[in-house]
Amino acid sequence: MTNHWNDLQNTDCALIIGANPAENHPISFRWLTKAKEKGGKIISVDPRFTRTSSQADVYAALRSGTDIPFIGGMIKYAIENNLIQKEYVAKYTNASFIVKADYDFHDGLFTGYDEATRTYDKTKWVFETAEDGTPVKDETLQHPRSVFQLLKKHFSRYDVETVCTVTGTPKQDYLDVCQTFCSTCKPDKSGTIMYAMGTTQHTVGSQNVRIYAMLQLLLGNIGIPGGGINAMRGESNVQGSTDFALLYDNLPGYLGAPKATVPEHATLKGYLEKETPPTGYWSNKPKFVVSLLKAWYGKNATKDNEFGYQFLPKGNKNYSHINLFQAMYKGELDGAFMFGTNPVVGGPNAGKEKEALGKLKWLVAMDLWETESASFWQKEAGSDPSKIDTEVFLLPASASFEKEGSVSNSSRWMQYRWKAIDSRGEARPDLAVIHELALKLKGLYAGSTKSADKPIQALDWNYGSGPEPDIDLVCKEINGYDLKTGKLLPGFGALLDDGSTSSGNWIYSGFYPEEGKNLAKRRDNKDTGGGNFLNWSYAWPMNRRILYNRASADPSGKPWSKEKAVIWWDAKQKLWVGTDVPDFKPITAPNEPGGVGPFIMNKDGVGLLFAPTLNDGPFPEHYEPFESPVPNAFSKQQLNPATVIMEGDFNKKGKNSKYPIVATTYRVSEHWQSGSMTRNQEWLSELVAHMFVEMSEELAKEKGIKNKDQIIVSSARGEIKAYAMVTKRFKPYKVNGKKVHQIGMPWHFGYKGFATGDTANRLTPHIGDANTMIPEFKAFLCDVRRADV
Amino acid sequence: MVEMNLNRRQFLKLSGAAAATLAIVELGFDEKNVYAKTKEFKIAKTKVTPTICCYCGVGCGILVHTKNNTVVYTEGDPDNPINEGKLCSKGTTIRQLYTSKKRLTKPLYRAPGSKKWEEKDWEWMLDTIAKRVKETRDASFIEKEEGITVNKTEKIASLGGAALDNEETYLLAKLMRGLGVVYLEHQARI
Ligand code: SF4
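Protein chains in written order, with our numbering: chain P, 1 to 789; chain E, 790 to 979.
These are computed hints drawn from the structure, not numbers from a lab.
It is possible that some hints are incorrect.
[Unchecked claim] Computed from the model, here is a short list of chain P residues facing chain E with C-beta under 7 Å: (1) 240; (2) 242; (3) 261; (4) 262; (5) 313; (6) 315; (7) 336; (8) 424; (9) 444; (10) 447; (11) 529; (12) 533.
Positions of the beta carbon are idealized from the N, C-alpha and C atoms, including for glycine.
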């Protein structure tokens, strides 16, 4: 989230799309209710009339997988009706930049496409630059190759008629949404876009998020109270675990993992030169990287050995979830760890993921429960144990309140949890187990003289001498030290690239600025202004609650409006002041060089309406999902041309003649993710006890299905049994004159726990987004029938 | 330890919501008397520890009441500005994470081809796991690829971690990268 939960109360309009917070983030909704009490409006855009829709002022249905046409049409509407915040767009985005003549777009393809590799040559999408490397601009936005004019042209094809025939949205509902949300372009109004996995879990997931951000930039809605682009996180610490880089392509703090396929990455010097932009905050990257290496390799990281850079593994391919399971399925992996995760229920094409686990020699699972994934070899899982040679180690984990440590919520607030009680039975905290395993491994490698064992020997692992790790030492290592004085660092501004500072994750540096002061533990709940609660816990970076808040003031440093002020330039004090920590150099005056651009992480300090970095194009463009009921109305390109297509046998594709119904998965309030945490407790199991599939009255009638009938849902990947839930919440769509049905189902169920049921993900495909490889859970094809026919 | 500012509202809450209501009528807001009267109630004299809900990314505050080595009660933390004491159905039932009879309480081991779990002690489990990791790593470790130092193993994967604490994710990322693991993924992707 660029903003935070409490800030939702400041919004004039919340556009909730690809998410259902009233159901899945229930307590967040109190802040929306407060906004509503103050006259704010709520818009819910969803394939299904959800609990959120029931609280909304405007509801619009859209067929799963059509967010880009939906928002693309809003962009066209805003531009045509002069509902954009012009000065914001001209000064704070790259709308004025001139794109080189190489760039073009024709029939669904941008220039530079190579069909054989399904990739683009991104050097065809670059800006014209002056001799000093700065981009050439036209702040009148009239130049035909200015980003603004190209954008206008690109979305000119997204007229209301075409949009509504593709999305299936009733035209009047669509216009209501356009009108209501675009009214937030006024400087004294703010609109927020709230989204979740309904947005990201598509083959165009990244572009879905991008197009939301583009609309927000055009409306001048980023960096202000009640504005922003706000991803609601489904897990208590999926924010933190992403910040700490439990992802193959990252190192902590969003530093790219070095790759064997990039020749420059062979050395630290080459890596830093290649990956560090000349301007913007990332120009400090060498400080972050070297400080991380010092935190990981301690005294073994010296100037002479590139600070231990060569100890880091370098991958040569995409190791993301789908590829990982495909490799496992092919027998290419020997061992795996699973920390509180349950892919046999939660993974795409879950039947295949279950089979893949059986190809491992060993599997370590750490959990509070005996999950479907840890017991994939059992008869109840449909396996023949005698044929599965995998050795399985299942370790009992402590619950969150049986240990201490911090979690970062969607607002980036890092809140501490104290230990309430000793762990149940022999359960142990993950921290202690990871620590002990590390010590044992280091012990096994201690005497080795092999060069291959140097990296693990060099890993600095000093968290106290007791049997349990000292968590305070872990916290301080994350924050970082001045290694000359041994003092804790006040923040990442103090990091250096000469090996004299350390920090295990630069974006968190500052949460533990001096001995005894872990700011995540703060519990002063006095509102410091604007609902920002600056003394409650700690928000990274540097306790900033509203990111890009420099954009709340005009180029001269004056708030765009009194209502939406956050920070402003105080000429007397020569300081940016306000109700939040400035997300900007606090002493840089507006008229100084670098005094204007609020998007400090980007090279030119502006928001990217044209993003030459994405794999599938600098502008979002509509492509149909991997499995779709209709041809793409916008171009000949049916599927995102840059999406990787997995091998057929591993991932069968369903034809729309055989599987005509669009399906999506969703969650209910009473269960959580793969259900292992909630289906193993009595009360929540009782509240939602059965797997069901929700469908419209019209579809039920066509199929002869009544409410509560047992039905079979089939896709090209498999079949599941469930109860039919016939509701008015789904309605058939009219897509290009054709009737299209959509159904939905929770993905929480498996065969373990108190509440059991078939697993929705047995149906979902192994296909991912062109940038992140996040699977397309939210739009696939299936068919339904009564179980007794 | 935790610094909880016991304001009056929370004091009443800690001493039992039901008790407080009763006491307000009978005792006219005298906090000392309220406290004395609530002793006999179930959650009187419990140890109260603030935590954050382990489910969604809202991050609601919860107070965990423990007594006689069990969790006797949980409630929304009225001081937490995000939820101001409110919780959804999942946060409300968090106590059952402790009390559920389905909780795993012992390390379990499944031998190749076996139909069942066997109970093992932690020492044996972690020693054996460390051995397996070393065997696999040693047999698969790649030091160089086309002249470039790569120091990796492509035969071990690590999955999950979105429910772990920050400190745990940090150590996990550090250990896995330290071992040369490149198949490192978690729920942000799925
Ligand atoms: S109580 Fe509910 S809304 Fe709050 S963090 Fe927990 S799951 Fe989310």
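Now the hints, each set against the structure:
1. 240: Holds, about 4 Å.
2. 242: 5 Å, holds
3. 261: At about 9 Å, which exceeds the 7 Å cut-off, the nearest Cβ of chain E leaves the hint on residue 261 (chain P) violated.
4. 262: At about 10 Å, which exceeds the 7 Å cut-off, the nearest Cβ of chain E leaves the hint on residue 262 (chain P) violated.
5. 313: Status holds, d = 4 Å.
6. 315: 4 Å, holds
7. 336: 4 Å, holds
8. 424: 5 Å, holds
9. 444: 5 Å, holds
10. 447: 13 Å, violated
11. 529: 13 Å, violated
12. 533: Given a least distance of 5 Å, the restraint on residue 533 (chain P) holds.
Checked against the numbered hints above, the structure violates hints 3, 4, 10, 11; every other hint is satisfied.
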